[in-house]
Structures are given as C-alpha cells and as structure tokens.
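Novice: Modelling step: build the complete structure from the supplied sequences, incorporating the hints.
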Amino acid sequence: MDIQLYDLPDLADYGQDFLLTWNQPKKYIEVTIQVAEMFRELHRRGDSLRHFNTGLAVSIFRDQSTRTRYSFTAAANALGLGVMDLDEEKSQIAHGETVRETANMLSFLTKVIGIRDDMYLGMGNRYMQEVSGALDLGFEEGTLPFRPGLVNLQCDIDHPTQSMSDLAWLKQYFGSLDNLRGKKVAMTWAYSPSYGKPLSVPQGIIGLLTRFGMDVSLAHPEGYDLLPEVVEIARTNAVEAGSFFEVTHSMEAAFEDADVVYPKSWAPFAVMEQRTELLQSGDKAELKKLEQEGLAINSSYTDWECNDRMMDITHNGSALYMHCLPADITGVSCEQGEVSRTVFDKFRQVTYQEASFKPYIIAAMMFLMTVENPAAELIKMNPNI
Amino acid sequence: MDIQLYDLPDLADYGQDFLLTWNQPKKYIEVTIQVAEMFRELHRRGDSLRHFNTGLAVSIFRDQSTRTRYSFTAAANALGLGVMDLDEEKSQIAHGETVRETANMLSFLTKVIGIRDDMYLGMGNRYMQEVSGALDLGFEEGTLPFRPGLVNLQCDIDHPTQSMSDLAWLKQYFGSLDNLRGKKVAMTWAYSPSYGKPLSVPQGIIGLLTRFGMDVSLAHPEGYDLLPEVVEIARTNAVEAGSFFEVTHSMEAAFEDADVVYPKSWAPFAVMEQRTELLQSGDKAELKKLEQEGLAINSSYTDWECNDRMMDITHNGSALYMHCLPADITGVSCEQGEVSRTVFDKFRQVTYQEASFKPYIIAAMMFLMTVENPAAELIKMNPNI
Amino acid sequence: MDIQLYDLPDLADYGQDFLLTWNQPKKYIEVTIQVAEMFRELHRRGDSLRHFNTGLAVSIFRDQSTRTRYSFTAAANALGLGVMDLDEEKSQIAHGETVRETANMLSFLTKVIGIRDDMYLGMGNRYMQEVSGALDLGFEEGTLPFRPGLVNLQCDIDHPTQSMSDLAWLKQYFGSLDNLRGKKVAMTWAYSPSYGKPLSVPQGIIGLLTRFGMDVSLAHPEGYDLLPEVVEIARTNAVEAGSFFEVTHSMEAAFEDADVVYPKSWAPFAVMEQRTELLQSGDKAELKKLEQEGLAINSSYTDWECNDRMMDITHNGSALYMHCLPADITGVSCEQGEVSRTVFDKFRQVTYQEASFKPYIIAAMMFLMTVENPAAELIKMNPNI
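Protein chains in written order, with our numbering: chain A, 1 to 385; chain B, 1 to 385; chain C, 1 to 385.
Every clue listed holds true.
Since the list gives no way to pick one copy over another, a pair counts as held whenever it fits inside one copy or between any two copies.
Quick list of in silico lysine to aspartate or glutamate cross-link-like pairs, DMTMM-like style, CA-CA up to 25 Å:
1) K289 to E277
2) K289 to E222
3) K380 to E30
4) K197 to E252
5) K26 to E240
6) K171 to E140
7) K346 to D136
8) K380 to D47
9) K288 to E273
10) K171 to D47
11) K346 to E141
12) K346 to E130
13) K197 to D87
These are calculated hints, taken from the structure and not from any lab test.
Specialist: Given below as structure tokens:
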C-alpha cells in the first residue's frame, strides 16, 4: 500500500469530541480514515505508533463488551497511553454522583475518554453530551490543564467507531471513497432469537454511507423503525450527495441488485422506548415481561435471513456481506439466525478484515483529538510519506 | 508559579511507607507537598513526569472507589508505572491466604502498593501494618530484590492522600504554609441520609492541620466521636505548634469566625464499633438492623447543614468551604444533606481545585519512597529550578 | 551470579506457543530457564528488561487467580507490554461466541495471550488448542499482521509456568540441571479440606522432572489417579532419561530417602470427571452433591500430611519441601491440612523463593515466542555476557 497524506486540513478547527459522524465535516471523516489506514500500515510493517510518553485513556462501559473494549485498549496502548477501565457496577458513578463532577474527577491527567452507553433510547448520547459539556467547563474554569477528547464507543444514536471502520473497509474493498458513489447498500434487519439489540449500528451506517454517495436501502419489518431523526439525516445526506435513500419493509427489495448487504438484528422501536421507561422506574417484573414480548414479536420474522437465495438476487449474485460481529449464524450460534452458515462461512474472513480496522480508527480519532499539529507529527512518524 | 525546591532533606532516613501523616516528620510532609506542586506545574506545562522505564503499582481496594482509584492510576501512569488493580472479590486474598504470603507474592517486581481499607474500625490500618511488616521481612529474607513502598489510600484511622491534598490546596489558597498559622478551621460533622461513612477524613484533617499551626475546632453531635487516640494526637499537635484545638457539640461554635469550614458526614462511633464485630461474626440480619439504627440516629441531626446562614457567621462571612467529594447536596443528591445547593454551587469549582491535588500528592509519595536520590532526580526533571 | 548464555539454538524452529512442556524440545526448556535466570538477575541489578515500545498482552482467566495474574502482569510490564485482563464473566465470550472469532478479534495488535482454564478435565487444554489453531488461521488468512504467542497459565493437563519455575528453583537449589540426575522427588497427594483442586500441578511436575533424570515417586490414595496419558508420558520420559518413575499408594514409600518432597492436594479423578459432565449439563444441585461427596472421600485420608515424622524418613532427614502455594497448613489456614505448621514454617521463605521464579519464567516464555532473534537481543540487553 502506498500511503499518501493529502491536504491535512487545519484540524484544530473541528473540536475535540467524536460523538456523531454527521456532526463532523466530511473532510474530517476522510482524514480520520486516512490516518487509520496509515496506522494500520505502520503496524503491519512493525513500526511503532507511539506518540505519548505517558497519559491515560479512561473507558466507561455501561454495557458489557469484549471487542470494543479490546479495540479501545489496543488503540490507547499503541499510542503510548495507559488504560483505566471503569466498571460502572464497581464505581460510585452508579450511586448518584453528578456527571459533571465525575467527568472532572477522572480527567486531571487524562488524554481521552471513551464511553459506551447504548442500552436505552434517549440516554446514552445525552450522557455523552453532558460529559462533553462538563469537560469544556472544567477546562474553562481551570480545573483541567488540558481538555480530554471524548470518543463515542456506541450510544443509542450512533456507533461511529463501527461505521467509520466499515467505511474504511469499504474504501479498501472498492479501491477508493470515490468508487463508493452509486454502489447500493442494503442495510436490513435480520432475525435473531435475542432481545434488546441497540439500533445504533444501522443508524450509524445509514447516517454515514449516504454522505459518500452510496445508495442506501434500509429494510425492516413494520415496527422496527429506527430513530426518526436519524432516518431524516440519512434522507438529507442522500439529497446533498445526489445519492438515493429509501425505507422499505421488504428484505428482498433491499437486496435486489445490492453491491453490499448488511443484515443485522435490532429491537423493535416501541419495545426500546418502553424499556427505557421501565428501567427508569426500576420495574423488573415488567422488564422481564417486555423481554418476552420482544422475543414473541421477533419470532414472526424468522424468514428475514441472509442466505444463498437472498445473496443470489444481489448485484451479479456477488454482493459483499458485512456484519459488525458477532453474527447470529443459523445452526451455529442459534437454531435460526441472521445469516445462514453457508453465507457466513464464505465471508467469515472478510468480516474479520472489516473488524480489523476498528483499533486503528479509534487510534486515529484519539490522535487527531489530542495532538496539536497532527500533520507534522504524522510526517515524523512515517518518514517515507 | 515559581518552583523553588528548598533544602531537600536526606529522605532515605524517613522510611518507605506513607501510612499516617503523624508518623512522618514535618519536613517530609512539606517536601511531599512541594514535590506534588512541582509535578502539578510540570504537567500543566505539558512536561512529562515519567521517571520509571517499567514497573508495577499494585492497588488493593477493599471498598469501592472511583476517584482514589483514578488518582492512584494517574499518578502511577505519570511516573511510568503500570497498574495492577486487585479486586478482592475476585482474588484469593479473600479466601484465607495469609497477608504475609500475599504481600510477598505480589511484590516480586512491584515498586508501590496502594491499599484502601476503610470500612471497619481497628482493621484497615492494622492490615496495612501487617503488609508493611511482610514487605520488610520479604526484603530482609531476600525474597524481594527491592522493598516496595506502601501508600495508605484510606484506612480506618487516617486518609493521608486526602489530608495532604487538602493541605496543598490550603497552602495555595492562603499563599504559603506559614500563612496557615492562626487560621481557624471548622472540621464539623454534617447530616447525610447515608450510613457507615468512615471517620478517616475528619481524623486525617485534625491530625494534620493542627501541626501547621491552624486553630482547629472539631464539632459533632454527641455520639459521633472520632477515635480517642487521634483526638489526642490533634491535641498534642496543637500544644506543640502553639495552636488551638477544641471539640464541641455545636456546629455554630465551630463555624463562628472560621476561615475554613469542612462540613462532612460520618458514622456514629458506637455504630462503627458494633459493625466491625457483626462483620467478623458474619451476622447479616444484625448488620441490616444496625444500618437502620444508624440512619435513625442520623435523622435527629438534619439541622447540621452548611448553608448561607452558617456561612454568614464565619470570618467576614467568607470562609473557604472544603469537601473531599462527593458531597451530599440538599435538593441535588438527596432531599436533605451536608450542604445547601447555594453554598455548594458557589464553591463547586473550588472543591474541584481541592481535589485536583490528589494525583500529584500520590505521585509525590510514590516518587519519594522509590527513588534513591530524589533531589537529584527532580533537578533532572526540571532544568529550570 | 555469573550469567552464561550457552549455544542459544535457532529458536525460530520451535513454534510459538507454550502449552505443554512435553511438546517442547528439551533444549528449549533449558534455554527458557536460562533466559528467566538472566532476567531475574538483571532485575535484581536494577536493569530494565524492557524490549517492546508498545504492545498488548491479553490474559483470559476462567478461574480466579491472584498470583498467576500478578506474575503474568509483572512479566508483561517488565518487557514493556500493556495488559488487558479479560474477565470472562464480564465478556461476551461467555455468551456463545465462537472461540475462533474471539481469538482473532482480540489479536489485531496483541503480542501474547495467556490463558488459565483449569477447572474441567478435557476442556482447558482443548480450548487453548482451539485458540492456537484460530491464531494460526488468522495469521495465514491475513487477518492478523503478526501471530501472537500463547502461554498456558494452567489447564486441566499441565501447569507449565509452575513446573518450569519449580525446575528453575531446583536448578538453583542443587547448583545445576545436571545435578538433578538421580535425585529422588516425592510428588505426593496430601489432605486438604477443600474440593475440586486441579490435577495440573502434579501432572506438570511428573511430566517435566522425569525428563531431567530425576527419580519421581508419585504417591496418592486409590481413586486419586492423575490423567493416564500424563502418567504414561512420565513413564516414557523416565525410560528415555534413564531415570526412575513409580506410582505408589503410600506416602511413606514416596518420602523414603527423597531429596525433594512436593505434598499437595488434588481432587479424586472420578469426581473431576463427573464434575465436567454436570457442568456441561448445568445441574447445580448435583454439582453441590458431588462437592459433598468429594469432601467425604477426602476425609478418609487426613493422615496424608507432611510433618516432622514424614520429613524424618527423607534423605538424611533433610529433603527440600516444595509447594506451588498457597498451602493448606494445619492449624493455620485449616484445622487439618497438607503440611504441619512446623514443617511449613521451616520452609516458608524457601517456598517464596520457589515462587519468585514465576514472573521471570513467564517473561522468558513471552520473550522467546515474540522476538525474532532472541540471542542477539539478549546480548544487547546484557552487555556483560
């Protein structure tokens, strides 16, 4: 791979947090991907990505996670940062401390904070905004000598580290971002015997890929709507990019002639809304009942499976299959799932490739939000560019 | 800020652990604060505090903690140490291993051990003393190539990282340690609807500030006594420093003409004593009952609140409000708490400043207990002094 | 100590994982011990063992552990690696993800993976083999830019970091590996009022020491057999090394004239087999019943204790006592245990010495499996050899 760093813009203009891709300038998205590619290549060569001598990256996971936790840790370590992993069950955060105070208390020597809070609609991103505001204020008031950058590791609205990794992978797969124009992506719901999967992956995908001229067909059964404001963003993006965006209730319609398919389960919108309310009221019996209802609704749609028959109707029968992993594979991880074993096995290694971009995307986000003159520093790191 | 390192004494004389401030020479207290200030300033400048190439800091938390955990991790990371966080629930320590053995097993390549064990009177500090003795023996016997230093991150008797941070903050606020002489501090109990808060913060404060010539008025309702031996230490300190120390049962008496107020909840002494006994006998039903009793006793003293009316009777109505955080704020974190919203809001940023010293205080403690020639090393780190 | 690195073989030939000592060439075992000794000496001198600038060591503990966790963390830190500790309760691994996928997802920037999975016969080592295969495939397929090395931190079959540390200690105690020839080791069962202790320590010991010409007498009550295939390996090793190996049901027979005794509790073989079945079927009531049965069987053999009377019948009454720690000490950690207080107290510091090799053994394993030209790198680290 030949690394070319084109016109790195004055990144200092863009602000420090990475919360929603649609609030970042398109140029910044492109540069982040470029830096991630460069880090990936340097690491493959055996070169160090270390930039910091010391410093902390604090992660706050309000939902269990192995892979994102790994990606965050690996990214921080590669840049030279130590990681402090905050388990909210253990910490006092769960016991009524104000967000503002905690955000300051955990930032005195912190470079980056990563947060995953994706379980409840209307909560996760709001929490991140509060942390972000608290960090601004802490810096302005002089509590914090530096303003740590904040990375959204998945919220109720967006999953930018996933969608950015996916975009980096699509860029590599199709050769360039320009080549994505006019390619059709089927972002579709798929059946899974599980409950309460967040909406942030499909929302992240439709909110990002529409900006790069891809034709996005979002398909799901009735009642599985995504957040209306994100669908609206995708619609506007498509208009601005001169691309196509549609919502359909037919998996077939979406798959037809698609260049890329992304079949993935998520929870019914109404169930997710009720869940947030029940959680706030702390009604565990009703939460259990809601889970049963959610599973019952799901079970009407077991035919939403990505299998050979479905892949056959894609463009030349050879669309790229994508998934954020882990996928629910029929006959492997469950009786009936999102994808047939044949299709998954064909794309297994390809989905691993897709996933491999995430640590570098996070490292690029961390780097760009904490380094004063990233262009100069990148040139120092890679004397061959 | 102009950094001046005055006559660094031969610190090797002072022994390696930091368990109780009153067992440290006054000069050592002063130097620790000075080094913390220097570290804080270097970090604000963007300079590295790294001193170690590799090495471990092991933390043992026997009570949940977010902030002290962060401060310990940040301090270790800043000096170049990795952190191994020992969760006692997970570890075999909770299953009957002798302290001596574990202390040795966790120290083969360890530079610093930090322990928080503040839940039971008569237990926490004793445990730290045992670890300290085990480390001495391990080093003498040749099991350990180096003798790790031990930092008390809060025990039943003292909370030295808190009281030292508070002293550093007071030094900055009033301009110098000398300026503290004759200033009146009201260390008072305050109401909180919570149970079992340790006595170590007020004990740490009265045991340290009396040595620096501050006039300390300790106020609490009857039955909320601190450990008699610590009260005695404060009394002796005051005599030696030519300052004033009193115990009163009137919050008003303490606040009157005070330059500094530190209103904070703690548990009734008798309740804390019974709790230790019940815990050792493992009687959970009785522990629950004791908690109810503790809360009932507390509820007689809801008028022990720091509010505008109370602040008005301090020196010129403008005392400095201090708190170790998180505070129980009336109408914010609870219905009725330690401090009114108006008072806390006025001092919120100021309490954050106070807290910001802790990572540097811990880093200074770690540095002084592990570095052979600290004076020379500090000069190397900061060529401008 | 004078460090001599003799003819370091071309280690690249030996493959990257350290799962079972008997699958490693004898030369490789010797070199690993030599590197561990060198690291230990360098650390005692105060020299750095740092080799990596950045990089991750991922640990997966499927059973609670304090000491091995520490040794792994300390080894990784000493070489310059950060540690990501995977708690399987928290992670998604416990929820049906395939081993292959997880192994790849946690390896994008990983140098070393350490796994402890010792609870169920037929499971732990098989899991490690699966991870190993997944890493091979991930590297071949191009998912992973480098192939991380895998360290067995204890499985159902072997406990190589323990047996290798024990061998290093025996080498130091007797002066050389050659001096071990003809020395008699009593690897014996001993009573403990605990349940379900793994078989891997005694298996590791008989599988390793027999290769170095030691005469090994394995003693246990009937029904406490070790895995037949490991006993067979020990038997074959003894034939090849021209040494002696026997299985007896008499602790006295084993202790008689022994130079080294290693009395240690483990679970009855049949109980361990049933436990694996019950665990897979998830029958908790039966598991509880089995625990009671196991304890009842144990209680017939309380006289299997290492005490003065037993030590008297060893070679000159002065055998070396070994234990992997923590030991169950009669009258200290339990009413009746593996070893009398008198014997343990005499050897306490000696068992700490034994344990002190483990971090260096793990560091040596990590180093040899990740560094391209270890001989050259070792010479760089230690200019005096």
